[in-house]
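Can you build the whole structure from these sequences, using the hints too?
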Amino acid sequence: MEEVVLLGFWTSPYVMRVKIALLEKGIEFQYKEERDVFEDKNKSELLLESNPIYKKVPVLIHNGKPICESLIILEYIDEVWKQEQQLFSADPYYRAKARFWIDFFDKKTTTCGKKLWANKGEDQDAAKREFVECLKLLENELGEKPYFGGDHFALLDIALIPITCRFYTYEKLCKFSVEEECPKFMEWVRRCNMRESVSKTLPDPFKVFDFVLEVKKRFQIQ
Amino acid sequence: MASSSDNEEVRVLGKWASPFSNRIDLALKLKGVPYKYSEEDLANKSLDLLKYNPVHKKVPVLVHNGNSIAESLVILEYIDEVWNNNNNHAFLPQDPYHRALARFWCKTLDDKILPAIWNACWSDEKGREKAVEEALEALKILQDELKDKKFFGGETIGLVDIAANFIGYWVSILQEIAGLELLTIEKFPKLYEWSQEYINHPVIKEGLPPRDELFAFFKASAKK
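Line by line, the protein sequences give chains U and Z. Residues 1303 to 1524 (my numbering) are what the first sequence spells out, left to right. Residues 2 to 225 (my numbering) are what the second sequence spells out, left to right.
No lab work stands behind these hints: they were computed from the structure. As the structure is a prediction and not an experimental result, all values here were calculated from the model. Check each hint, because a few of them may be wrong.
[Stated by the list, open to error] Here chain Z is said to cover these stretches of chain U; the calculated rule only asks that three of the stretch's residues, wherever they fall, bring their Cβ under 8 Å from a Cβ of chain Z:
| no. | segment |
| --- | --- |
| 1 | 1363 to 1371 |
| 2 | 1375 to 1385 |
| 3 | 1395 to 1401 |
All C-beta atoms in this analysis are idealised placements derived from N, C-alpha and C, irrespective of residue type, glycine included.
Right, dumping it as structure tokens:
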């Protein structure tokens, strides 16, 4: 009897990656929503026990064994539940490229992501320029392919699609339009949203925006 | 497709003093893969570096049959996947859970442990105490993970051991220059023992840069 539990929080793009992967693979799992991800004192016992070093979601618990870090979880899922259409390419070079782009993207969103909604003025503008540049590089990498994975919705698509539920928030707070800056990227976003695993997982962008405003109030960020 | 032959061209663009670059040397040597190495001057980047790593323009970069791969941990996994027949030393175990753990520790080394130690060694008077505390905490969690194993990979060198070259070799040099005692036999006996096994491993020993040159290089940086 397989027991698969996912610890998450509804606004985390990293959690969304795992949910989408599990849905794509048709794996049954139990989802447990954390009450709060900002303060350790509000985190569940299970989360603190399963991820003592980072105390963060997502955590996948498979038959009692915890696995942390979204990309590592995706690799694990692909290795345990092998199917004809895998998330990772069979070719080591394409696997390396996907890992590279996910690493690049995660580093970018860590450095400029928060500034897009928490900062103002020049800091926010600089972050916006950096973010748009990052999307343009990805758009270039996508090229004419329907998906980053080629003909199939695969690892890199799963890793990148979740952040798009924050686009409305970023656009409103930073006053720009992703559609104007990166139209091909937005085409890919719309294509991905036609998949059930994505539309079932990504939250309403307006709810995300309201949540960000609440967080700003809670931590007194102007 | 996935085994080495005389016709394959393997190139590494690197920097001799960089532990990230050195990881690739160690990995290729452990696999017994011959390669051409080019030393990069980051103040004066070569056309090849800009061509093969246009996004970050950094080393290390692995070029294999014309395809380039950047980011040291990504390169290590690539090397393990391509040169994977029975004669080659495997860096990752077969079991998916233990593979996930190894990947987690490699990421934790880069995201948490190395930065904490680096900061402590280069910190100024003001931030020193806190930085040292964080570095010691980081070494503790790493030692806790080692437990009683000879290497992080068990009986043989694994992915985490390769990624931990900074801990096994660079830390002793940097802490001496900074006048700190971070990784010592008294504070972290098991981890210290691991570092000695590591630097005396026949292949690793040949792959690490010379100690006195590395010392001189970082000492000169410290003066600036």
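Verification of the supplied hints:
{"no.": "1", "hint": "1363 to 1371", "verdict": "holds (count 5)"}
{"no.": "2", "hint": "1375 to 1385", "verdict": "holds (count 5)"}
{"no.": "3", "hint": "1395 to 1401", "verdict": "holds (count 5)"}
Of the numbered hints stated above, none is contradicted by the structure.
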